[in-house]
Every structure is written in structure tokens, then in C-alpha cells.
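There are 2 protein chains.
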Amino acid sequence: MKWELNRLSEIPLTKQIYQAIADKILSNLIAAGTLLPSVRNLSKELKVSTDTVIQAYRDLEKDGFITRLQGKGTFVNQREQKPVPKSPNTLPYAWQLSVQDYLPRAYFSNHAQSHEKNNLSISRINPGLFPNRFIEKLISDELLQNSKSISTYGEIQGDKELREVFARYLKKEHKLKTSPQDLLITCGSQQGIELVAKSFVGPGDFVMVEAPTYPAAIDIFRSRGASIIQVPVDQQGLRVDLLDPLVEKYKPRLIYTIPNFQNPTGAVLSFPRRQELLHIAQRTNTLIVEDDPWSEIYFDGCPPLPLKSLDTYGHVIYLKGSKIIGPGCRIGVLAANGTLLSRLIAAKGLSDLGTPLLNQKVVSLLLDSKRISTHTEKLRTALEIRRDMITEMLKKLPDVVTVNVPTGGLNYWITLPACVNTDNLLYEAKKEGVSFMPGSAFYAHAPECHHLRICFSSVDEYSLQDGVHKLFKVMNRAVKGRKE
Amino acid sequence: MKWELNRLSEIPLTKQIYQAIADKILSNLIAAGTLLPSVRNLSKELKVSTDTVIQAYRDLEKDGFITRLQGKGTFVNQREQKPVPKSPNTLPYAWQLSVQDYLPRAYFSNHAQSHEKNNLSISRINPGLFPNRFIEKLISDELLQNSKSISTYGEIQGDKELREVFARYLKKEHKLKTSPQDLLITCGSQQGIELVAKSFVGPGDFVMVEAPTYPAAIDIFRSRGASIIQVPVDQQGLRVDLLDPLVEKYKPRLIYTIPNFQNPTGAVLSFPRRQELLHIAQRTNTLIVEDDPWSEIYFDGCPPLPLKSLDTYGHVIYLKGSKIIGPGCRIGVLAANGTLLSRLIAAKGLSDLGTPLLNQKVVSLLLDSKRISTHTEKLRTALEIRRDMITEMLKKLPDVVTVNVPTGGLNYWITLPACVNTDNLLYEAKKEGVSFMPGSAFYAHAPECHHLRICFSSVDEYSLQDGVHKLFKVMNRAVKGRKE
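Going line by line, the protein sequences match chains E and S. All residue numbers for the first sequence refer to full-length UniProt numbering, where the first residue is 1 and numbers rise by one. All residue numbers for the second sequence refer to full-length UniProt numbering, where the first residue is 1 and numbers rise by one.
Mixed in with the good hints there might be a few duds.
Any copy will do: because identical chains look the same in the list, a pair fits if it lies in one copy or spans two.
Distance condition first, Cα-Cα at most 25 Å in a straight line; then the derived DSS-like pairs of lysine-lysine [stated by the list, open to error]:
hint, residue 1, residue 2
1, Lys323, Lys160
2, Lys47, Lys160
3, Lys160, Lys430
4, Lys148, Lys137
5, Lys473, Lys395
6, Lys62, Lys171
7, Lys160, Lys177
8, Lys251, Lys172
9, Lys396, Lys431
10, Lys378, Lys148
11, Lys177, Lys62
Source of the hints: derived by calculation from the structure; they are not laboratory data.
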């Protein structure tokens with residue numbers, strides 16, 4: 001229930017609260033039956049008087065959005081039909097509630113931007129771990145040599161030089177043989193998923209994802225009107241052995257997988273499973289989307305070859321983001337073959353006419369420099385130290401808590417006893433100034449609510465330690481509370 | 001019919017040609033009944049032997065894609081059902097042709113990237129007209145002060161500082177009162193259109209556009225499965241007087257308009273029409289998308305107030321790109337109100353998690369500097385001189401050619417006698433090394449094929465003069481050929 005009120009607006013705060021809640025209900029962002037925050041809690045959260053909240057709730061009840069049950073709380077109604085407010089002209093912007101939309105309003109973004117001091121929720125690398133001065137110099141040099149890169153458009157497919165550099169990089173780092181012509185430069189791998197979804201997924205299609213998986217991918221496929229089929233993940237990644245009957249039954253448009261240091265579990269897809277997955281795709285003419293955000297960050301040996309390196313007939317679309325090479329640049333690369341690639345390039349053109357050229361030049365210089373391998377090595381070491389530190393700390397958790405110690409990547413996946421709901425735990429943790437990603441965010445259906453993910457790379461070491469300590473207390477309380 | 005063959009690929013060139021043409025036919029990018037290039041022309045264009053093309057055409061005919069008629073040429077077949085090649089494993093990537101997709105493969109991109117020396121087809125400002133050294137210094141200073149802007153993510157809605165600067169800029173330049181909370185930073189206004197389409201337009205919906213209009217907008221709305229209703233444009237812009245019955249009949253999800261220096265005609269929507277348009281939107285609960293790419297580039301006085309400045313109930317979504325302020329940054333801004341804005345912010349998060357921070361910082365510094373107003377003034381002067389130069393040149397065209405002298409913006413819209421087809425003219429012009437946008441690109445249906453658009457700001461002055469001279473010859477030949 002996070003939103004900001006606009007105190008400069010002419011619209012009274014009551015109306016703003018009304019509209020925000022009505023909007024979330026109409027878009028299914030708040031499901032029917034959901035318990036809304038108490039008047040006291042919401043007024044605290046939004047920093048408004050309780051009277052303001054009471055009035056907003058009263059109006060929402062009058063218009064059929066919610067029901068207040070004495071002593072039980074305020075609940076969202078089952079909607080029979082879209083309630084449209086009575087007098088649009090007295091309520092500014094109220095007519096907008098009648099505007100149909102096609103996005104599930106990104107459930108993901110509910111969690112994506114947390115403002116807690118100890119924010120362990122986002123999978124990012126701390127800016128302090130980047131060679132910022134070096135990058136700064138690269139940019140200055142690039143601008144000195146070619147100051148027009150700021151006032152020029154690049155090719156829609158991406159700057160040729162960067163594609164050449166990426167082809168070399170992918171070959172060297174991931175044994176992936178691609179030609180620059182097979183690559184498309186994107187705004188981060190997030191845009192890569194979007195381009196794939198927009199090109200190949202439509203209403204009524206089925207899409208297979210891992211359970212749990214990256215929340216934004218779920219939202220993106222859903223926003224295309226697709227139905228999501230979940231396939232469980234174990235220690236060796238996607239349960240490929242379960243795929244055959246599911247693919248047979250649903251004929252999914254694509255299978256979305258994160259084979260290396262799976263998000264959120266950290267699992268690595270074993271090599272035999274990689275081969276089997278590809279065989280299934282070939283047998284059934286299915287697309288595979290291989291999302292590979294941070295395979296360079298390994299602590300206990302390099303992960304197996306990417307699926308894409310085994311792909312003869314163009315079934316795999318490979319995505320790599322810029323997380324470890326200047327995330328602020330928002331540069332990603334997509335590798336695909338044949339006519340699928342040309343369709344993705346067309347989609348990219350429609351989306352934004354191409355990625356900013358300056359950013360491409362910067363990443364190109366960085367990837368092509370000798371510095372990149374030392375940077376990656378340093379990053380590995382720095383993050384391994386953090387991982388080990390957290391592993392030590394987590395040993396002290398009660399036995400009922402299970403921790404997957406990651407062999408690479410940026411996250412820990414922690415499993416609490418089944419009766420502990422981590423959505424509630426997050427609420428408690430935020431009071432202490434700590435945030436994490438609750439397990440529920442990672443499932444398309446039937447969420448397992450007793451997991452949580454923490455990222456050990458996003459904040460500085462002190463805040464990390466401090467955050468984990470505080471989270472400890474909260475977890476311990478919850479586990480004990482369960483016993484009582 | 002523009003594409004590149006991959007000479008490094010293991011796929012034989014014949015198969016590549018086969019797949020590229022089959023793919024375009026399957027996606028309706030080449031319509032049934034279209035005459036394909038002759039074997040000789042295609043072999044010249046692709047730089048392959050005639051035998052290679054003959055073989056590809058033979059295979060396409062065998063698989064039911066095309067028919068070759070002796071002495072008449074090669075035509076695309078009406079498709080009864082999707083032909084799927086017989087033996088996928090002998091033809092690499094051939095299985096991909098059976099993959100359904102949801103994009104019309106961006107007809108726009110057919111024209112968007114021309115490689116002719118005198119490229120007058122794209123509406124861009126020549127990089128030489130930007131204060132590149134100044135921008136370079138801004139970037140260096142920013143990085144010195146805050147080198148982490150390259151390794152940090154920004155807010156999904158956009159950097160707060162940039163939103164503040166934009167709010168001031170929009171107020172000063174366009175009398176548009178917005179608060180930073182009402183703004184969303186996008187990757188160019190192209191992404192703005194995309195976000196709106198993805199949020200509010202779906203299969204079977206109607207969307208109203210001007211005829212002619214910006215080709216990529218047509219493609220974007222179509223890629224959402226919408227039906228496009230065209231409303232003609234005259235000297236005072238969109239024929240608002242025709243709207244009422246159309247809106248009544250089709251209940252469009254939105255009306256897309258470019259009120260200032262309309263693309264491609266250059267028309268300016270009169271103030272009374274702006275008011276009337278807004279009244280219609282209010283009466284009918286319709287969204288208006290106001291695309292305003294270059295209203296700062298006026299030669300004969302400032303255009304009327306934006307629609308958005310008259311918008312009380314949040315019917316207008318205002319889009320502004322970064323064309324005149326460092327197009328390589330690909331920064332745009334979207335102004336909207338109420339719940340529509342929150343839905344657009346969610347869509348932005350899903351698309352790319354936010355615009356690169358460095359680029360936002362650069363545009364922020366630039367817009368906030370005193371230099372921006374001198375830059376804009378200089379740009380106006382430089383482009384006015386070019387416009388006048390071209391106006392003089394165009395006076396020498398035969399009387400049957402009509403030219404709209406633009407009062408702002410970047411383009412000329414030229415009308416030839418109805419029997420001259422500018423698609424064919426483009427083919428002739430390209431032989432001389434000149435390209436332009438043919439009229440057909442700007443219509444969703446029933447294209448008027450005797451117009452063309454040239455941009456007078458994208459190349460340097462010498463190439464512009466040279467290009468227009470060469471185009472002259474081609475146009476004169478076509479007009480005379482018509483008489484003979």
C-alpha cells in the first residue's frame with residue numbers, strides 16, 4: 001500500500017486516497033477480500049489525520065469498493081461490475097477510474113523501491129564496488145574524441161562497435177559464439193524480457209516460468225494477457241524432468257529460465273538438465289528465454305556452459321544485463337538468431353528507436369578495456385567475503401530456518417517454518433528500518449509465503465551487517481512467536 | 001525490401017533470402033499481391049548472384065508463398081493458411097517461421113534507417129548544431145561531483161532533480177503548469193507513446209490519429225491490436241469539426257495528435273480547435289495524447305498554448321522528447337495526472353526499471369543552465385535560414401507541385417500531382433543517393449501516395465542543398481514523365 005500523496009495538488013487529500021485505493025482495486029492490484037490497513041496505520045503511513053482516512057474509507061464504502069466490518073477491519077469487495085463514481089465533475093480526475101487498462105499495474109513495483117535504511121530487497125551491486133573514477137575517465141575520453149555521441153542517434157539494433165565488443169566478451173566469458181549481427185542492444189535485460197513478451201506472447205498464450213522466479217518477468221508476461229505455468233526449482237535448478245507432460249499439455253509460447261544463480265533461490269541448472277531442456281525445446285518448437293544476469297559472480301567455480309552455446313536451431317534467446325558493468329548505463333544485450341531476431345529488432349525500434357548512444361559507447365570502452373577482468377575479479381572477491389560473512393551470521397539462526405548458501409550471484413534465499421508469513425514479517429522488519437523481498441513476490445500462483453530473499457551486495461558492509469542483525473531479531477521473534 | 005545478409009553465418013545465402021521474405025510475408029509486412037523485386041534488381045541490391053535469388057524464389061514458390069507469372073513478375077500469394085516448411089531440420093531456423101507473433105514488424109522501420117549520403121528522411125537535428133563541447137563539460141563536471149551516477153539506478157518515475165527542472169522548463173517555455181510529481185521521465189517520446197499504448201490500448205480498441213501522422217505511432221497502436229481511425233489534417237491542423245460523429249460512433253480509447261508543426265504536414269492546430277478538442281474529450285471521457293516534439297523551433301511566432309495547459313480533469317497526456325536537447329540522451333518527459341499517471345509509472349517500471357541516471361543528470365544540467373535559451377535561439381535561427389534557403393529553391397519547382405512552407409519544426413511536406421507515386425520516386429532518388437519519407441508511410445489506411453516529406457535539419461547545409469538539387473531532378477523527371 002505504498003504511494004505518495006501530492007500535497008501541492010488542488011485535489012483534497014481525502015479524494016487522493018479515495019482515488020488511489022479505488023484505482024488499485026479496479027486494476028486487481030488489491031484483490032477482493034484483502035484486509036486494508038487500519039485507519040490509524042494508514043494515517044500514520046501517509047502522514048495525514050485519521051479523519052482524512054475515515055472520510056476516504058467512507059466514500060469508498062459508499063461507492064461499493066470496500067466493506068467495513070465492526071471489529072474485524074476494512075475489506076475489499078468482490079466486484080460484480082465496475083463501479084463508476086457518480087459525479088465525475090465534482091471529483092477531479094474521477095472519470096479516469098472508468099478508463100480500462102491492460103496492465104496488472106506491476107505488482108513487482110510494490111516491492112521494487114523500498115526506502116528503508118537497510119534495504120536488502122533489491123538485487124543490485126553497491127555503487128561503491130564499481131571503478132567509478134575509471135569509468136568517469138572513459139566517458140571524458142570518449143567525449144573528447146567524439147563529442148557528438150551525445151547528439152547522435154545510434155542504430156536501432158545497437159552501436160556496431162558495442163555489438164562487436166559484446167561478441168568478444170560473450171565468447172571469452174561465457175564460451176558463447178555469436179556474431180555482432182546476432183546481437184541486439186537493449187536498455188537492461190528487463191527490456192529484453194519485454195521485447196520478447198511483446199513479440200511472441202499474447203492473450204491466452206501459456207508461458208512457463210520457474211517457481212519461484214524473478215517477479216518482474218511474471219508481471220511482464222501477465223501484462224501480455226498470458227497464463228503462467230509454474231515449474232518448481234530444486235538444488236539443481238528447474239525441474240526439467242517435470243517439463244515433458246506440461247509442455248505437451250499447454251504448448252507454451254516460451255519457457256523463461258535463469259540457469260545461473262537462479263533468482264531468488266541461487267540454484268545452478270546442472271549441465272545434463274541444460275541439454276535435456278534444449279532437447280525438449282527442439283522437439284516441441286518451443287522458445288527458451290535464458291536470463292543470465294550475473295553469471296560472472298561465481299564463488300565456487302564457473303557455472304556450466306550457457307544453454308545458448310548449445311543452441312543449433314535458434315530456440316534460445318539469451319539475455320544479459322549490465323548489472324556488473326555500470327548498472328546506471330542500463331545496457332543489456334540480447335542474442336538470438338534467424339527471423340526471431342529481426343522481429344525483436346523491429347520491436348526495439350517501436351519501443352524507443354534505440355538505446356542512448358553515449359551509454360553504449362561507455363560500456364563498449366569499459367568491456368574492451370583490460371580493467372574489466374580485474375574489476376570482475378575484485379567484485380567476485382568482495383562479494384564472496386560478504387557472502388561468507390553472512391553465512392557465518394546465519395548459522396546462528398534457529399534450526400527451523402533453512403538457508404541456501406549461494407555459490408554465486410547476489411542473493412540469499414531463506415526459508416522459515418511454513419506458518420511464518422514473510423509478508424507480515426516484512427511489515428515488522430520495516431519498523432526496524434530493514435527491508436527484504438518476501439517470498440510471495442516470486443510466485444505467479446499459490447505463493448509460498450514462508451521464504452524471503454535478501455541481497456548481500458546492494459548496501460555497504462556496515463549496513464549489511466546491521467540490517468542482517470536487525471532482521472535476525474525480527475525472524476527470531478517470529479519463530480518464537482510461532483512456538484508460543 | 002531492405003535487409004542485410006549475414007555472410008558469416010553458416011546458413012546459405014539462398015536460405016537466408018528465403019527466410020527473410022517468408023518472414024515478411026507471414027507478418028504481413030509484405031501484403032498479398034505485392035510485386036517483388038525482379039531477380040536482377042534483388043541480386044544487385046543484396047550483392048549476390050542471380051542464381052542465388054532464382055533458387056530462393058523457386059523455394060518460396062514451392063512452399064506456396066509466391067507465384068511467378070511469366071513476363072509479369074513475382075507476386076506474393078493470398079495466404080489461406082500458414083505454410084510451414086516441410087523439413088525444419090534441414091533448413092536452419094526454419095521452424096521459427098511457425099512462431100506466431102504480435103507485432104506488425106514495424107512498417108516504420110522499413111524507412112527509419114536510410115543509408116543514403118543525402119538522407120533527408122529522418123526528422124533529426126544535425127549533431128553539428130548542438131553545443132557539444134558545452135555538454136561534454138557538463139558531463140565531466142557531473143561525473144567529478146558524483147561519479148556514482150553511472151553505477152546507480154534512479155527512481156522509476158525519473159530523477160527528482162530532472163523532474164523539477166522539467167517542471168520549471170515546461171512552465172517557462174510552454175506555459176505549462178505541472179508539478180514534478182505529475183511528470184514521468186521516459187526514453188524519448190517514442191517510449192511515451194509506447195507506455196500509453198501498452199497501458200490503455202488493447203485488441204479491438206479504436207484509436208484516432210491524424211491523417212497523415214507520425215508512422216511509428218501507427219505501428220505502436222497497431223501492435224496493440226487496435227483499429228486506427230484516421231481524421232484528416234488541414235492548414236489549421238486536425239479537422240476537429242469532423243470528430244464528434246466519429247467519437248460517438250467508435251468511442252476511441254484515445255486521440256493521438258501533434259498540435260504544433262504537425263508531423264509531417266507542419267500544420268499548427270489553431271487555438272479554437274484546441275479548446276474544442278478538449279471539450280470533446282471531456283464530454284466523451286476520451287484520452288488525448290498530445291505529442292509535442294519540437295514546439296521550441298518556431299520561425300514566425302510562438303504556437304498557441306498546449307492542450308495540456310487547458311486540461312482541468314486530466315484528459316491530456318503530454319509528451320515531449322529530447323530532440324532539441326541532446327537527442328543522443330534519449331530523454332523524454334510525459335505529463336499526466338491522477339490515476340492515469342500511476343498506471344503509466346507502473347508500465348515504465350515493467351519496461352525498463354527506469355531511464356539511465358547519467359543521461360537524466362546531463363539533461364538536467366543542460367536544461368537548468370543559462371545556455372539552454374541561447375542554444376534554442378541559435379537553433380531557431382540556424383533552422384530558419386535553412387528553411388528559407390529551401391523555400392527559395394523549391395520555388396523553382398513546376399506549378400503542379402505544392403509545398404507547405406513550415407512555420408516551425410524540421411520538415412517540408414511536398415505534394416506532387418496525384419498520378420506520381422512517391423514510393424517509386426524514392427526508388428529513383430536512392431539511385432542518386434538521396435532519400436526522403438514517402439507519403440505512404442504516414443497513413444494507417446488508404447495512403448495518399450503523391451506526397452513526400454523532407455527534413456531540412458538532419459544533414460549539414462551542403463548535403464542539404466546538394467540533396468534537394470538531386471531530388472529536384474528526380475521530381476522534375478517524374479512530373480514530366482507524367483505528361484508524356
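Evaluated hints:
1. Lys323 with Lys160: This pair counts as both: shortest intra-copy Cα distance 21 Å, inter-copy 23 Å.
2. Lys47 with Lys160: between (51 Å within a copy, 21 Å between copies)
3. Lys160 with Lys430: Answer is between: at 24 Å across copies they meet the 25 Å cutoff, but 46 Å inside does not.
4. Lys148 with Lys137: both (17 Å within a copy, 13 Å between copies)
5. Lys473 with Lys395: within (14 Å within a copy, 81 Å between copies)
6. Lys62 with Lys171: neither (63 Å within a copy, 39 Å between copies)
7. Lys160 with Lys177: Only inside one copy: Lys160 and Lys177 sit 17 Å apart there, 42 Å across copies, limit 25 Å.
8. Lys251 with Lys172: Cα proximity of Lys251 and Lys172: none, with 35 Å in one copy and 56 Å across.
9. Lys396 with Lys431: For Lys396 and Lys431, only the intra-copy Cα distance (23 Å) is at most 25 Å; the inter-copy one is 76 Å.
10. Lys378 with Lys148: Cα proximity of Lys378 and Lys148: across copies only (18 Å, versus 33 Å in one copy).
11. Lys177 with Lys62: neither (63 Å within a copy, 34 Å between copies)
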